[in-house]
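Counting with the working numbering, you get residues 756 to 1208 for the letters of the sequence shown.
No wet-lab data here; the hints were simulated from the structure.
Hints may contain errors.
Below, in silico cross-link-like pairs of lysine-lysine (DSBU-like), each with a Cα-Cα straight-line distance of 35 Å or less [claimed, not checked]: (1) 945 - 1062; (2) 1056 - 1132; (3) 1132 - 1062; (4) 1080 - 1132; (5) 826 - 1132; (6) 1181 - 1080; (7) 1080 - 955; (8) 945 - 923; (9) 1194 - 952; (10) 955 - 1147; (11) 905 - 847; (12) 922 - 1132; (13) 1154 - 811; (14) 1142 - 945; (15) 905 - 1142; (16) 889 - 826; (17) 1062 - 811.
Label-pair restraints from in silico Cβ distances [claimed, not checked]: (18) 1079 - 1187: 27 to 37 Å; (19) 933 - 1197: 36 to 46 Å; (20) 846 - 805: 10 to 20 Å; (21) 1178 - 1024: 17 to 27 Å; (22) 993 - 1029: 29 to 39 Å; (23) 819 - 1017: 50 to 60 Å; (24) 1079 - 1184: 23 to 33 Å; (25) 949 - 903: 23 to 33 Å; (26) 828 - 949: 52 to 62 Å.
Computed from a predicted model, the values in this text were never measured in an experiment.
Where a beta carbon is used, it is the ideal one built from N, C-alpha and C, also for glycine.
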Amino acid sequence: MKKIRQSFLTLASLFMLTSVLTSCGAESSESIDPLNPGTKVIQVWVHKNETEDEGKIYKQIQTNFNNAGIKSPNGQTLKMSMTFWGTTLESKIDASLLTGGLPDIVAVDSSDVAAKVYNNVIVPFGEHVSDEVKNSYVDSVIGQGTIDNKLYFLSAMEAPGGLYYNKKMLREVGYTDAQFGNLDQPWSFKDVHNAQKALKAAGKPYQIALNVGFGTDGHMYLYSPLVYTAGATFGTENNVAAALTTPQAVSGIAQLERFYLKEGLSGTESWVYSGTSDSAFASEQVPFQIHGPWDARRIAKADGNLKNEYGIMPFPVYENDAGVKSDILASPNGSFGFGITKDSRDVGAAAVALTYLTGEVASEMMFNAIGTFPTHKSLLNGMDVFKSGPEKELADFLKVNTFTRPKMVKYPMLKDAYGEVLDYIKNINTLGASYDLAKHIQDQMSRVDRAAM
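Using the sequences and the accompanying hints, generate a full structural model.
Structure below.
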């Protein structure tokens, strides 16, 4: 009888441990391993399913962490327990806000940090992270995660972008390598359009894949630099209309108009690629595209010569009517990362786990698996892949970029309104004399200003 009871207790203990390590945190954000009372379990909610490539990497990071014997600031051994919510993460967070059932750490999109802070989902943890560790991240990550001078978010992933260009096609119409844009002498959209005209005159592919509306946040992700390079901003909460209707902002956004005008075209011809292929540049259907890092990975893994015949310039800078270019560089950026929730009972211990989740090893694992760029300067400076070619160019853009997508509570409304503005530009020909970009910006952004937070 004693043996049976001991066996039952052992099985019960194992069941309790399993429950802790798979818990969604409905009762408490702090768990103690029942078999090892000196071990604290840090609960993490992830935005992916564990069958996805990114989810598999998180699973491996969890295993590595749990095998590493990492200690909390007070000496407790830490373990990590992940729950993979996939697309249901946000609804789970909303349902848990009032019950005290949030985990220690939750996945957060970089554009959603301000809203998560405003709604008291995540709390600051910068005092638990050394300056040395903070300084290891690229500026854009620290910028995305900092609200009112407090750090709420870090990420292992970044997504720099720029102007992909086909060197071979441009050389065939007289361009030399010295004329291609770089950080010191970037191209403007006027330069891009002039190159299109030269390509068209020579009977070569000439369209640009703008990828406006790419993914769920493509308008703002790819094209917030239109505003920044013109010397403008998106303003502040409840004050975006005034900021985006300044002459600088309107002129910056209007840079895309030249691609939708019919000047120099006939019939159904267009300067903008409007096909359905997501690999128009990679398959050499077009000589230009604005995009993030994913096509660089696609091209590197593909057969063919394009990998040796293309480059990536910085996102084109603003150029005024007098031909003067802005000296402000901005790059598309941003990705998912993590924050510590209000229900964590040990922010210091959670910060140890979070910096591991977003640390150098995790960052390199993500790059190798899914192609998002590392967020640590040491990797961007040290990995061989970033020492030459398009990957180096993207890494260089990331290292110098200091701009982020707007950090606002009403970001979801702002990004939709900005998308409406960019989509409006597509109608410049059909609207004719009634086309009024400044008024449309005013109308869209006034709605954002009037909306409740």
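Hints, verified against the model:
1. 945 - 1062: holds (26 Å)
2. 1056 - 1132: Judged against 35 Å, a Cα distance of about 24 Å means the pair holds.
3. 1132 - 1062: holds (25 Å)
4. 1080 - 1132: Within the cut-off at roughly 29 Å; holds.
5. 826 - 1132: Holds - the C-alpha atoms of residue 1132 and residue 826 are around 25 Å apart, at most 35 Å.
6. 1181 - 1080: holds (24 Å)
7. 1080 - 955: holds (25 Å)
8. 945 - 923: Status holds; Cα separation ~20 Å.
9. 1194 - 952: The given pair, whose Cα atoms are some 30 Å apart, holds under the 35 Å limit.
10. 955 - 1147: Distance of about 30 Å is within 35 Å: holds.
11. 905 - 847: holds (26 Å)
12. 922 - 1132: Roughly 28 Å between the alpha carbons, so the hint for residue 922 and residue 1132 holds.
13. 1154 - 811: Distance of about 28 Å is within 35 Å: holds.
14. 1142 - 945: holds (30 Å)
15. 905 - 1142: holds (34 Å)
16. 889 - 826: This hinted pair holds, its Cα atoms lying about 19 Å apart.
17. 1062 - 811: With Cα atoms ~28 Å apart, residue 1062 and residue 811 stay inside 35 Å; holds.
18. 1079 - 1187: 27 to 37 Å: Holds - the Cβ-Cβ distance for residue 1079 and residue 1187, about 30 Å, lies within 27 to 37 Å.
19. 933 - 1197: 36 to 46 Å: holds (43 Å)
20. 846 - 805: 10 to 20 Å: Holds, at about 19 Å.
21. 1178 - 1024: 17 to 27 Å: Given about 21 Å between the Cβ atoms, the range holds.
22. 993 - 1029: 29 to 39 Å: Taking Cβ atoms as reference, residue 993 and residue 1029 lie about 36 Å apart, which means the hint holds.
23. 819 - 1017: 50 to 60 Å: Hint holds: Cβ distance 56 Å, inside 50 to 60 Å.
24. 1079 - 1184: 23 to 33 Å: Given about 28 Å between the Cβ atoms, the range holds.
25. 949 - 903: 23 to 33 Å: violated (44 Å)
26. 828 - 949: 52 to 62 Å: holds (58 Å)
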